[in-house]
Amino acid sequence: MDVKKIKILVVDDFATMRKVIRNLLKQSGFENVAEAEDGAIALQTLKSSKVDFIISDWNMPNMTGIELLKAVRADNELGKLPFLMVTAESLKANVVEAVKAGVSDYIVKPFTHEVLGEKIDKIMQTIK
Amino acid sequence: MLKGRIMDVKFINPFLEGTIEVLKTMAFVDPRPGKPYLKKHNLAKGDVSGIIGITGTIKGSLALSFSAGSILKIVSNMLGEEMTSINGDIRDAVGELTNMVSGAARKKIEEMGFSLSASIPTVVSGKEHSIMHVLGGPSVVIPFETDGGPFVVDVCMGDPQ
Numbered sequence: 009m010d011v012k013k014i015k016i017l018v019v020d021d022f023a024t025m026r027k028v029i030r031n032l033l034k035q036s037g038f039e040n041v042a043e044a045e046d047g048a049i050a051l052q053t054l055k056s057s058k059v060d061f062i063i064s065d066w067n068m069p070n071m072t073g074i075e076l077l078k079a080v081r082a083d084n085e086l087g088k089l090p091f092l093m094v095t096a097e098s099l100k101a102n103v104v105e106a107v108k109a110g111v112s113d114y115i116v117k118p119f120t121h122e123v124l125g126e127k128i129d130k131i132m133q134t135i136k
Numbered sequence: 028m029l030k031g032r033i034m035d036v037k038f039i040n041p042f043l044e045g046t047i048e049v050l051k052t053m054a055f056v057d058p059r060p061g062k063p064y065l066k067k068h069n070l071a072k073g074d075v076s077g078i079i080g081i082t083g084t085i086k087g088s089l090a091l092s093f094s095a096g097s098i099l100k101i102v103s104n105m106l107g108e109e110m111t112s113i114n115g116d117i118r119d120a121v122g123e124l125t126n127m128v129s130g131a132a133r134k135k136i137e138e139m140g141f142s143l144s145a146s147i148p149t150v151v152s153g154k155e156h157s158i159m160h161v162l163g164g165p166s167v168v169i170p171f172e173t174d175g176g177p178f179v180v181d182v183c184m185g186d187p188q
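Residue numbers (the numbering used here), protein chains in the order written: chain S, 9 to 136; chain H, 28 to 188.
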């Protein structure tokens, strides 16, 4: 499978940030992108369409990134989906909680398209 | 005129460096900092501002106040599409930039041994709007120039009391 063709779901409550991440993904060669504005909507999208990779913000209303991660990992069908968490800060407690919940990796804002692309490539290599 | 204690200068650099880091990374804009100065009133310098509260072993707030020219250029670069007016996308981006600058600056302040957390940013736009700092003021303003126009980082941090 061509890694650049994977379908990526970008989850963030800020529409602008979703656009920014979509733009960064495009610069890294990833054009198959879907969006969701919080964890609850993301979960619906994941259950109704095929997604290969999740990029989710941490702080969101309704269902946060960590709650979405736990819900995904607890689901029989979605459980092994690659999950990249986006945070505005590298708080140790948050990182530990995300790692315990089974996050594939995390990325601290601000980040370049090179760093984002490398993280995705690296995660995809581990699941091949 | 606002009364209050002037913030410790050691907190200025984290906000200055954090701002440059965020704008360089996310918007490919290289802002040029000017000389910081003390501000004793609530009026914002820019056309659109984001403000965020910070609490912990020190407390206060951070505001980013952009001229229309500077923020249109910054967000155009961030989104990869030409922005021509201050709309919802711009306000969203100002909130997100405020959040990111706060995160980058807090990381640097935490390296000095402080523990901090931040609130959710609020965004205000329009000519001559106000910036209400958590501690009241006075605040330290770091002016920046970009090719699109000026913006300022307006910060007021102190001991929690």
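No lab work stands behind these hints: they were computed from the structure. Treat the hints with care, as some may be off.
Covered stretches of chain H (chain S as the covering partner; in silico rule of three or more C-beta atoms under 8 Å from a C-beta of chain S) [to be verified]:
#, segment
1, 57-69
2, 125-136
So these bits of chain S aren't anywhere near chain H, every CB distance computed over 12 Å [as the list claims (entries may be wrong)]:
#, residue
3, Asp20
4, Thr24
5, Lys34
6, Lys100
7, Val123
8, Met132
Please read all numbers here as calculations on a predicted model, not as lab measurements. From the three backbone atoms N, C-alpha and C, an ideal C-beta is built for every residue, glycine too.
In ascending order, which of the hints set out earlier in this document are inconsistent with the structure? 1, 3, 4, 5, 6, 7
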